[in-house]
Amino acid sequence: MDTINIKIDNKNFQVAEGTTILEAAKSVGVNIPTLCYMHLHHLNTTHKPTGCRMCVVEVAGRKNLVPACATECLPGMEIKNQSIRVLNSRKTVLELILSDHPTDCLICAKNGDCDLQSMAQEMGIRHLHYQGEQSHYIKDRSPAIKRDMDKCIGCGRCLTMCNDVQTVGALSAINRGFMSVVAPAFQMNLEESVCTYCGQCVAVCPTAALTEIDHTKTVIRHLADPSKTVIVQTAPAVRVALGEEFGYDPGTIVTGKMTAALKDLGFDYVFDTDFAADLTIMEEATELLDRLTRHLNGDTTVKLPLLTSCCPGWVSFFEHHFPDMKDIPSTARSPQQMFGSIAKTYLADKLGIKRKDMIVVSIMPCLAKKYECSRDEFATDGNPDVDFVLSTRELARLIKQAGIDFKSLEHADFDKPMGESSGAAVIFGSTGGVIEAAVRTAYEVFTNQKLHKVDFEQLRGMDWIRESTIDFNGTPIKIGIAHGLGNARKLLEEIREGKSLYHAIEIMACPGGCIGGGGQPLLHGDSNILLARQKAIYAEDKGKMIRKSHENPSVKKLYEEFLGSPMSKKAHELLHTQYFDKSNPMKITKD
Amino acid sequence: MTICENNVAKIEIICKEFNYDKGELINVLHKTQTTFGYLPEEVQQIVAQNLNTSLAHVYGVVSFYSFFTMTPKGKFPINICTGTACYVRGAEKVLNEFKTLLKIKVGETTKDDKFSLSNLRCVGACGLAPVVLVGEKVYGRVTLDGVQKILDDYNES
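Protein chains in written order, with our numbering: chain W, 10 to 600; chain Z, -4 to 152.
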């Protein structure tokens, strides 16, 4: 790569040709503040609307200040990042943004985790010199996401995630000038829109304009109620990210401490969603093999590829955008919902308690899970299989509120029977993991041979769309993987046009899979964190005694004692679901 | 919310004319508004479906440009030019007079669906400032007294 010489604050630097001032400065360790800019390197996503003007710098020979994020470095360029003019301009810009922003930081949901607050702190803002009109909008509460547009600074990061990365198209910038705001069409509520609740808008929002619906208070109330048996399940991606909230390096595995903290919080039983992930594989792999065998025997009515169905954001996406293909995804419920239905039947019976006296709480890296558990089909007589979902961030808050010193906790184990799991279940947390877990089981069932090498490296990684052919002892099985809904859309369009030759496709709504979920500790623009979490997921898998779902003894016992076999009548009733056509958000009828 | 098959077909023909290209959204909306007089929610959804873009995006564009309207225009749409030349020659006072007499705000339509009120920026007749358009008809050098006279022209018809 060619380099050029530039000066920043009178110091000489060599930087790569063709980079922006911001990128160049970063490469040589010079910090230029940004607010609207977002660069997620490993996800190949950059957002630079040059809207906030926090990154302005002086360039010798130019009359006006220039935005560093969108100005290319030229040979010999002399840049000033610390001049009084630059510093004063940035302060003015920030104060103007703050003049239309509530100052309730002490009681704000993002207190301590807010980019705008950090910026005000860094800039040493002590007075607000500008008093102007303030925006006031009606707050919007959906089952998963809360919108408080009074706190929006108009950076547009959420728009890039919703429209460009996810191609969901729920949000848009509407109106003009001071009246402009980010909202769904016709300013309808998120719940009425095509929102999938993937939560990627929340994950990148610099302020509390977009946050998760907080259920911590409700969960505390139930924990304090002696008439309730409160059980908890934890998703695989939580254990590799929760530590970040307590000062651990990204990628630190805190499974044992998390379990101990949940026990200290007063949960009666601490179980693992991984148990249900193994159950999901039993059902999904059986379904795949059923379709596959029929296809290989010449049945032309069989629907292939099989699409995974663990991810509620993805389920909403195809219900809204591809309802004509709703019979292709696996009918298997997600691990969260399988856990809930087994807990409130099999486990409740075992414990000798009534369904209504059991409260099932999930700890999820995901905001769409909050919505998923509220879907009508996952309730019996109005009592939901899963009562409440807390995000990884909410669990961290709960632990802090309870005064638990997380770092000094001794490791604790999950309770039995629904706490036992395989390595195959752990990797559900990363893109590619569900299909790898399915392959580990499907291979052995299909070929009747033992699989010796369980690591399918070719299915791993962070590329948006990946494909691989796995040799099932002479039968080539073509696998596709996509993460991020925009990439899912590409694969779905291929399938719709008949161009797809895959047998099975795994789709995860969030970039990176669940490790990058909308409920995880915020990345604040550092996508290296995702790689660290991904590495941790595979390390946790490697450390497991059992690495194939069908070898999980508790799952085997569940089938023996209760379900019979995969895809049995009972399994269908409790572990499978159906999908709905949710296109036509305006409910238009043609006459 | 309903839309008749006939109107759906009309929108589809417009979108086809622009090759279903989402980059032509503004032109499609322009032509659709000419056809229907305004852009109600259901029309926007049919446009979004045909151009394979999101409803939120279509609404974003409709709500951004003052030319687009989601309320039906009156039988006689009144447009007051508030461009620079008209403005300095009293367009705002003329506009206020219309508001008072019709008892509506800019962007609204009278209850009898007869008049609607909008403003626009410059029709290129600055020599006649201030200028008022009623439908296609141009009124020049409009005075405050002239406002009632203009309305009378249409109240009689």
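By construction, these hints were calculated from the structure, which means they are not laboratory data. Predicted model, so just to flag it, every value in this text is computed and none were measured. Yeah, the Cβ is synthetic: ideal placement off N, Cα and C, and Gly gets one too. Each hint should be verified, as a subset may be incorrect.
[To be verified] Derived coverage of chain Z by chain W (criterion: at least 3 residues anywhere in the stretch with Cβ under 8 Å from a Cβ of chain W; other residues may be distant):
1) 42 to 50
2) 127 to 139
[Unchecked claim] Lysine-lysine pairs mimicking DSS-like chemistry, simulated, CA-CA at most 27 Å apart:
3) W:591 - Z:11
4) W:499 - Z:144
5) W:148 - Z:106
6) W:591 - Z:109
7) W:459 - Z:26
8) Z:5 - W:508
9) W:599 - Z:100
10) W:591 - Z:5
11) Z:100 - W:591
12) Z:144 - W:57
13) Z:144 - W:596
14) W:599 - Z:17
15) Z:70 - Z:17
16) W:599 - Z:5
17) W:499 - Z:26
18) Z:144 - W:508
19) Z:144 - W:599
[Said to hold, decoys possible] Short, incomplete list of chain W residues facing chain Z, as computed with Cβ under 10 Å:
20) 533
21) 534
22) 536
For a C-alpha distance cap of 27 Å, please report whether residue 599 of chain W and residue 100 of chain Z respect it. Violated: residue 599 of chain W and residue 100 of chain Z sit about 33 Å apart, past 27 Å.
Let's test the interface hint: is any C-beta of chain Z closer than 10 Å to that of residue 533 of chain W? violated (27 Å)
Is the interface hint for residue 534 of chain W satisfied, with its Cβ closer than 10 Å to some Cβ of chain Z? Violated - the Cβ of residue 534 of chain W stays beyond 10 Å from chain Z, reaching only about 25 Å at its closest.
Does residue 591 of chain W sit within 27 Å of residue 100 of chain Z, going by the straight-line distance between their CA atoms? violated (38 Å)
Hinted pair residue 70 of chain Z and residue 17 of chain Z, Cα distance within 27 Å: The hint is violated at about 31 Å.
Within a Cα-Cα threshold of 27 Å, do residue 599 of chain W and residue 5 of chain Z meet the stated pairing? Given that 27 Å is the threshold and the Cα spacing comes to 13 Å, the pair holds.
Taken at face value, is the distance from the CA of residue 109 of chain Z to the CA of residue 591 of chain W at most 27 Å? It is violated: about 39 Å lies between the C-alpha atoms, which goes past 27 Å.
Between residue 459 of chain W and residue 26 of chain Z, does the CA-CA distance stay at or below 27 Å? Between residue 459 of chain W and residue 26 of chain Z the Cα gap is close to 66 Å, so the pair fails against 27 Å, i.e. violated.
Satisfaction of hint between residue 144 of chain Z and residue 499 of chain W, Cα-Cα up to 27 Å: violated (61 Å)
Given hint residue 508 of chain W paired with residue 144 of chain Z - CA-CA distance at most 27 Å: Given that 27 Å is the threshold and the Cα spacing comes to 67 Å, the pair is violated.
Pair hint outcome, residue 144 of chain Z versus residue 599 of chain W [Cα-Cα no greater than 27 Å]: Cα-Cα ~44 Å, so violated.
Hint consistency between residue 144 of chain Z and residue 57 of chain W [alpha-carbon to alpha-carbon, up to 27 Å]: violated (53 Å)
Consistency note: the structure conflicts with the earlier hints numbered 2, 4, 5, 6, 7, 8, 9, 11, 12, 13, 15, 17, 18, 19, 20, 21 and 22.
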